[in-house]
Amino acid sequence: MELLSSSIEIIARWDVLLALLIGAIGGVIVGGMPGVGAAVAIAIVLPATFSLEPIVGLTLLLGIYGSSMFGGAIPAILVNTPGTPVNALTTYDGYPMTKRGEARRALSLAYSASFFGALFSIFALMLLAPVLAKIAPMFGAREIFLAALLGILLVIVTHRGQVLAAAMLACVGIFLQTIGIESAAYTQRYTFGMGWLQSGVDLIVVVLGLFAISQALILFMDKDSKIKLPEVEKVGFIAQMKDLWVYRRIATVGSSFGVFCGMIPGVGEFMSQFMSYSYAQRTSKTPELFGKGNPEGIVASEAANNSVPAAAMIPLLALGIPGEELTAMMLAVFYVHNVIPGPQLFSGQMDFVLALYLCLLLLNIIVVVFLFFATGKLMKAMTIPNRFLGMMVLTFSLIGVYSLRNSLTDVAIASGFGVFGFMLKRLDYPTSPIILGIVLGKLMEDKLRTAMARVQDPWDFIDRPIAFILFLMIVVALVVQARTVWRDRKAAKADTQNSREAQDA
Amino acid sequence: MSTYAQDEPHVFPEGRKRGELLFSFLLLFTALALLAALPWQTTWLDGKDLAAQPRFWPALSLGGVVVFAVLHAVLRGKLDRTPGRWLEGLTWIRSLEFIGWYMLYVAAIPVIGYLLATVTFCTFLALRVGYRGKTLLWAALFGLCVVLFFKSAMNVKIPGGAIYELAPDSLRYILLRYF
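Each protein sequence line maps, in turn, to chains A and B. Those letters in the first sequence? Residues 285 to 789, by our numbering. Those letters in the second sequence? Residues 264 to 442, by our numbering.
These are calculated hints, taken from the structure and not from any lab test. Warning: the hint list may mix true and false statements.
As the list claims (entries may be wrong) - So the derived label-pair ranges between C-beta atoms look like this:
{"hint": "1", "chain 1": "B", "residue 1": "P346", "chain 2": "A", "residue 2": "D779", "range": "19 to 29 angstroms"}
{"hint": "2", "chain 1": "A", "residue 1": "P369", "chain 2": "B", "residue 2": "L359", "range": "17 to 27 angstroms"}
{"hint": "3", "chain 1": "A", "residue 1": "D772", "chain 2": "B", "residue 2": "T293", "range": "45 to 55 angstroms"}
{"hint": "4", "chain 1": "A", "residue 1": "D772", "chain 2": "B", "residue 2": "L404", "range": "50 to 60 angstroms"}
{"hint": "5", "chain 1": "A", "residue 1": "V415", "chain 2": "B", "residue 2": "R440", "range": "30 to 40 angstroms"}
{"hint": "6", "chain 1": "A", "residue 1": "A658", "chain 2": "B", "residue 2": "L411", "range": "54 to 64 angstroms"}
{"hint": "7", "chain 1": "A", "residue 1": "V623", "chain 2": "B", "residue 2": "E428", "range": "38 to 48 angstroms"}
{"hint": "8", "chain 1": "B", "residue 1": "F288", "chain 2": "A", "residue 2": "D299", "range": "42 to 52 angstroms"}
{"hint": "9", "chain 1": "B", "residue 1": "A370", "chain 2": "A", "residue 2": "D772", "range": "42 to 52 angstroms"}
What the hints assert, rightly or not - Taking lysine-lysine pairs in the BS3-like style, the calculated list, with each CA pair at most 30 angstroms apart, reads:
{"hint": "10", "chain 1": "A", "residue 1": "K709", "chain 2": "B", "residue 2": "K280"}
{"hint": "11", "chain 1": "A", "residue 1": "K661", "chain 2": "A", "residue 2": "K507"}
{"hint": "12", "chain 1": "A", "residue 1": "K664", "chain 2": "A", "residue 2": "K507"}
{"hint": "13", "chain 1": "A", "residue 1": "K569", "chain 2": "A", "residue 2": "K510"}
{"hint": "14", "chain 1": "A", "residue 1": "K418", "chain 2": "A", "residue 2": "K510"}
{"hint": "15", "chain 1": "A", "residue 1": "K709", "chain 2": "A", "residue 2": "K576"}
{"hint": "16", "chain 1": "A", "residue 1": "K512", "chain 2": "A", "residue 2": "K418"}
{"hint": "17", "chain 1": "A", "residue 1": "K507", "chain 2": "A", "residue 2": "K569"}
{"hint": "18", "chain 1": "A", "residue 1": "K507", "chain 2": "B", "residue 2": "K280"}
{"hint": "19", "chain 1": "A", "residue 1": "K664", "chain 2": "A", "residue 2": "K569"}
{"hint": "20", "chain 1": "A", "residue 1": "K512", "chain 2": "A", "residue 2": "K576"}
{"hint": "21", "chain 1": "A", "residue 1": "K526", "chain 2": "A", "residue 2": "K709"}
{"hint": "22", "chain 1": "A", "residue 1": "K774", "chain 2": "A", "residue 2": "K664"}
{"hint": "23", "chain 1": "B", "residue 1": "K341", "chain 2": "A", "residue 2": "K510"}
{"hint": "24", "chain 1": "A", "residue 1": "K512", "chain 2": "B", "residue 2": "K397"}
{"hint": "25", "chain 1": "B", "residue 1": "K280", "chain 2": "A", "residue 2": "K774"}
{"hint": "26", "chain 1": "A", "residue 1": "K383", "chain 2": "A", "residue 2": "K774"}
{"hint": "27", "chain 1": "A", "residue 1": "K507", "chain 2": "A", "residue 2": "K709"}
{"hint": "28", "chain 1": "B", "residue 1": "K341", "chain 2": "A", "residue 2": "K777"}
{"hint": "29", "chain 1": "B", "residue 1": "K397", "chain 2": "A", "residue 2": "K661"}
{"hint": "30", "chain 1": "A", "residue 1": "K576", "chain 2": "A", "residue 2": "K383"}
{"hint": "31", "chain 1": "A", "residue 1": "K418", "chain 2": "A", "residue 2": "K576"}
{"hint": "32", "chain 1": "B", "residue 1": "K397", "chain 2": "A", "residue 2": "K507"}
{"hint": "33", "chain 1": "B", "residue 1": "K341", "chain 2": "B", "residue 2": "K280"}
{"hint": "34", "chain 1": "A", "residue 1": "K576", "chain 2": "B", "residue 2": "K341"}
{"hint": "35", "chain 1": "B", "residue 1": "K420", "chain 2": "A", "residue 2": "K510"}
{"hint": "36", "chain 1": "A", "residue 1": "K512", "chain 2": "A", "residue 2": "K383"}
{"hint": "37", "chain 1": "A", "residue 1": "K507", "chain 2": "A", "residue 2": "K576"}
{"hint": "38", "chain 1": "A", "residue 1": "K526", "chain 2": "A", "residue 2": "K569"}
{"hint": "39", "chain 1": "A", "residue 1": "K777", "chain 2": "A", "residue 2": "K512"}
{"hint": "40", "chain 1": "B", "residue 1": "K311", "chain 2": "A", "residue 2": "K664"}
None of these values were measured; they are calculated from a predicted model. Here a beta-carbon is modelled for each residue, glycine too, at the ideal position from N, C-alpha and C.
Chain B extracted, bound-state conformation:
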C-alpha cells in the first residue's frame, strides 16, 4: 500500500490503476524482442572501448527497460488492483479509430487540398464525437480559420491539392498559394 502521510500535499496517484500490469508486460515483451535482435541490429567494433561501442547504449537502455519493467510489475502487483484490465486495453485500441481518421485526413490533403480536407475533417470529427446542430458550423468555421491563419497568412509549408489543377489558370495560383 502507498504510504503518504495524510497531511502531506501530493498529486501523484496512489494504488494501482487498471491496465498498469498490461502496459508493463507489453513494454517488457517489446524490450525483450528488441534485445533479442541486438546482435544483428547493432555492431560490435573490435579494439574499441565499451563506451565507444555502437552496441553499448541500445543494450544498456533496453536492459534498463527490462529490469525496471519487471520491478515495476512485481511491486505494482502487490497493490490493490482496480478491475478492468482488458477494458482498459480495449480503450487503447478504440483510440486507433481517431488515428485512422487523422491519417485519412493527412492522406486527403495532397488530393483535395488543405482547405477542403480541414473543413471536412473538423466537421466530420465534431459529428463523430456527438455534436449536432450549431456546433458543427462552429467546427467548420474553426477549420476555415485554421487554414486562413496558417496557410494563407503564415504560409506554412503544406502541399496544394491535386484537385486545384482543374481550376482555371488565374484561380489555380491563388488556390495553390493560399489554400
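Only chain A is shown next, with the shape it has when bound in the complex:
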C-alpha cells in the first residue's frame, strides 16, 4: 500500500498528466496516419524529452507507444491499410467487416480488445512485479550478456522469411556501436582520423535517419491516392464494449500471448499476434471465416498486440535490455538522465516502475474514451496526402536531429541513415535489427568483457541457474530455427517436384 501511494505521488503532477494526455492523443493520431507510426513519432519527439524529467519524458514516449496501435486499427479496418505495421493482421478481418457494413462493430471490437489486452498485461505485471524484483538482482554480467544475445537471436529468427537479412542488419548495428573511442582501453576504432567519429555514432541520429527521414523519402516517392471513407454509425459506449464479452476467451488467451512475447527481448507484437491469431483460428467454430471478416480475428490480433507494450518494459526496466526499437529509444531517455535501468532500478526503485505502469493504465483509459467519441474526426487524418505527409515528417525530423547539438554533421549522418533506411523499406527489410544491434551490441561487449575476467573455463559461464536457463533458451531458439529451415526446404523440394510432375503430365 505504501508502495502504491509512493507511486501515485510520483505521477500526481500536472506535467506528468499533461505528458500523458499529449502522448496518448498524439499516439492515436500518428497511429491513425498510415505512413507515420509510433517509431517515427518517438524518433522525432525523443530529443525534446531529454530536457524533461525522466518520468515526464518516459510518460510522453510511453503514451505514444501504447496508444499508436489503437489508432493504427482505424485505417486497417476502414481502408485496408494498417496504420502501424503491427495492425497488419487486423486488416484481414476488419476490412471485410467494413465492406459488409459493420465498420462500427469492427472498430468497437478492436478498441475493446486493445483495451482489454492492455489492462490484462498491466495487471499481470503488477502482480508479477514482486517476483521480478527478486529475480532481477540475480542477473550478473554473464546473465545480462546471455539475455542480450538471446534478444539479438530472437529478433533475427522471428523475422520469418527474412532471417538472413535481419542477421546481416543486426551485425551492421553491432558494428556501428564499435565506431569511435572504446571505453575500456581508450583506443580508436574506425575513426579514419576524423574528429567527428571519435564520439561514435549517436543512437538518436541513427534512429531519426532510419525511421523519420527514410519514411519521408518513402512518402515522397509514393503516389497520392484518394481515400473514400466509409460510413461509421454511432453506437453507445457501453453497447460497444459489451460485444467483447462474447469473445472473452480469445481476448484472454491473446493477451497472455502478448504478455509472454513482450517479456522476451526480441519477440514482441508480431509473434504474439501470429500465435494469438493461429490459436483463435484453430479453436474457432467457424475457422473458414478467418480472413473474410471474422470478429474473432480482430479480437485475437488487437488483444495480443496491445498487451505487448507493458510487458516489453520488463526486460528494459529489470535488465536494461530493450526488446524492440521503441523500447531501445526509451533507453536513451534513461541514459541521458544517468538513470541506468537494470536490477538496481527494479529492486531499489519499485515505486518508479509501478508509477510507469499506473501511467500506462491511465493512458489506456484516456485513449479508449477518446477513441469512442473522436473516431469520426480521427478518420480525417487518413485523408492527408502521402507527399504532404512526407513534407511534414521531414520538417519535424529536423527538430529532432538539429536541436541535439545544432550540428550540420549530425544532420548529414542522419540523412545518410535516412537513405539507407529508405533502401531497406523499399526492399521490405526490417530496421529494428540495426537499432537492437547498436544497443545490445554495446551491452554485450561490456558484459562479456566483465564476465570473461571471472571465467576460468567455458562451463563457468553457464554454471549459475539463470545463465544456464538463458543458454538453454539460446540453444532451443537455434534448434527451432534449424528445424524451420529444414522443413521449409523440404516443402520447397516437394513443391518443385509436384510442379514438374504436373508439367510432365
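Got chain A sorted already, so can you dock chain B onto it with the hints?
Then chain B, alone, in the frame of chain A:
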C-alpha cells in the same frame, strides 16, 4: 520458392524484390572494405583476452555482415526475380535530391532564421512534389505552426538567423528568442 502454407496468416514478403541482390552486394563490398581496414583502424593489445580486445567486436560484426550477405545473396538468388534492379538503384539515387534540399534547409537556418527557412522549405517542397494552389498555402501555414509550437512555445534549441542582426534592437531580441 517460399513455402508458407496458404491458410497461415503472414505479412512478410515472399519472392525476391527488385534490388535485393544489388543491396546485398553493396553491403558486402562495404563490409569487405572495412574488414580490409581492420589492422590499422583497430588495435590489438598484447596480453589481453580475446573478449577484451578492441578489435574483437568490429571483426566479429563485419565478419557476420560478410557471411550473412553472401548467404542472403546466394539464397535470394535462387528465387524468381522481379526485373528492374538498376531502376531500383536509380530510385535510391533519386531520393538524394530530397536529402539535398533538406541539407540546404538546415544550412540556411543560421543565415535566414528558422521561421523564414521553414516556411520557405515547406512551401517549396510542396511545390516540388507537385502540389499547386491552396495546398501551398497549407504547407506555408504548417511551416509557421511548426515554428510557433517548437521554437516560440517549446523553446527548442535552434539557432537564430544572422539576418536578425539587421533588425532594430527591440525587435532583434524577439526574433532571436522566438523565431
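Here is how each hint holds up against the structure:
1. P346(B) <-> D779(A): 19 to 29 angstroms: holds (23 angstroms)
2. P369(A) <-> L359(B): 17 to 27 angstroms: At roughly 26 angstroms between Cβ atoms, L359(B) and P369(A) fall inside 17 to 27 angstroms, so the hint holds.
3. D772(A) <-> T293(B): 45 to 55 angstroms: Hint violated: Cβ distance 29 angstroms, outside 45 to 55 angstroms.
4. D772(A) <-> L404(B): 50 to 60 angstroms: holds (53 angstroms)
5. V415(A) <-> R440(B): 30 to 40 angstroms: With Cβ atoms ~52 angstroms apart, the hint is violated.
6. A658(A) <-> L411(B): 54 to 64 angstroms: Since the Cβ atoms of A658(A) and L411(B) sit about 24 angstroms apart, the hinted range of 54 to 64 angstroms is violated.
7. V623(A) <-> E428(B): 38 to 48 angstroms: Distance hint for V623(A), E428(B) holds at roughly 41 angstroms.
8. F288(B) <-> D299(A): 42 to 52 angstroms: Between F288(B) and D299(A), where Cβ atoms are some 51 angstroms apart, the hint holds.
9. A370(B) <-> D772(A): 42 to 52 angstroms: holds (50 angstroms)
10. K709(A) <-> K280(B): holds (11 angstroms)
11. K661(A) <-> K507(A): holds (24 angstroms)
12. K664(A) <-> K507(A): holds (18 angstroms)
13. K569(A) <-> K510(A): violated (38 angstroms)
14. K418(A) <-> K510(A): violated (55 angstroms)
15. K709(A) <-> K576(A): holds (28 angstroms)
16. K512(A) <-> K418(A): violated (54 angstroms)
17. K507(A) <-> K569(A): violated (41 angstroms)
18. K507(A) <-> K280(B): At roughly 19 angstroms apart (the allowed maximum being 30 angstroms), K280(B) and K507(A) satisfy the hint.
19. K664(A) <-> K569(A): violated (37 angstroms)
20. K512(A) <-> K576(A): holds (21 angstroms)
21. K526(A) <-> K709(A): violated (40 angstroms)
22. K774(A) <-> K664(A): violated (48 angstroms)
23. K341(B) <-> K510(A): violated (38 angstroms)
24. K512(A) <-> K397(B): holds (21 angstroms)
25. K280(B) <-> K774(A): holds (23 angstroms)
26. K383(A) <-> K774(A): At roughly 39 angstroms apart (the allowed maximum being 30 angstroms), K774(A) and K383(A) break the hint.
27. K507(A) <-> K709(A): Holds, because 16 angstroms separates the two Cα atoms, which is no more than 30 angstroms.
28. K341(B) <-> K777(A): holds (13 angstroms)
29. K397(B) <-> K661(A): With a Cα-Cα distance of about 22 angstroms, the restraint between K397(B) and K661(A) holds, given a limit of 30 angstroms.
30. K576(A) <-> K383(A): Cα-Cα ~10 angstroms, so holds.
31. K418(A) <-> K576(A): Status violated; Cα separation ~47 angstroms.
32. K397(B) <-> K507(A): Since the Cα atoms of K397(B) and K507(A) sit roughly 19 angstroms apart, the hinted pair holds (cutoff 30 angstroms).
33. K341(B) <-> K280(B): holds (12 angstroms)
34. K576(A) <-> K341(B): Roughly 33 angstroms separates the two Cα atoms, so the pair is violated.
35. K420(B) <-> K510(A): Violated. K420(B) to K510(A) sits at ~38 angstroms, over the 30 angstroms cutoff.
36. K512(A) <-> K383(A): holds (12 angstroms)
37. K507(A) <-> K576(A): The hint holds at about 28 angstroms.
38. K526(A) <-> K569(A): Answer holds: K526(A) to K569(A) is near 21 angstroms, not above 30 angstroms.
39. K777(A) <-> K512(A): At roughly 44 angstroms apart (the allowed maximum being 30 angstroms), K512(A) and K777(A) break the hint.
40. K311(B) <-> K664(A): Given that 30 angstroms is the threshold and the Cα spacing comes to 62 angstroms, the pair is violated.
Going through the hint list in order, the structure does not satisfy hints 3, 5, 6, 13, 14, 16, 17, 19, 21, 22, 23, 26, 31, 34, 35, 39, 40.
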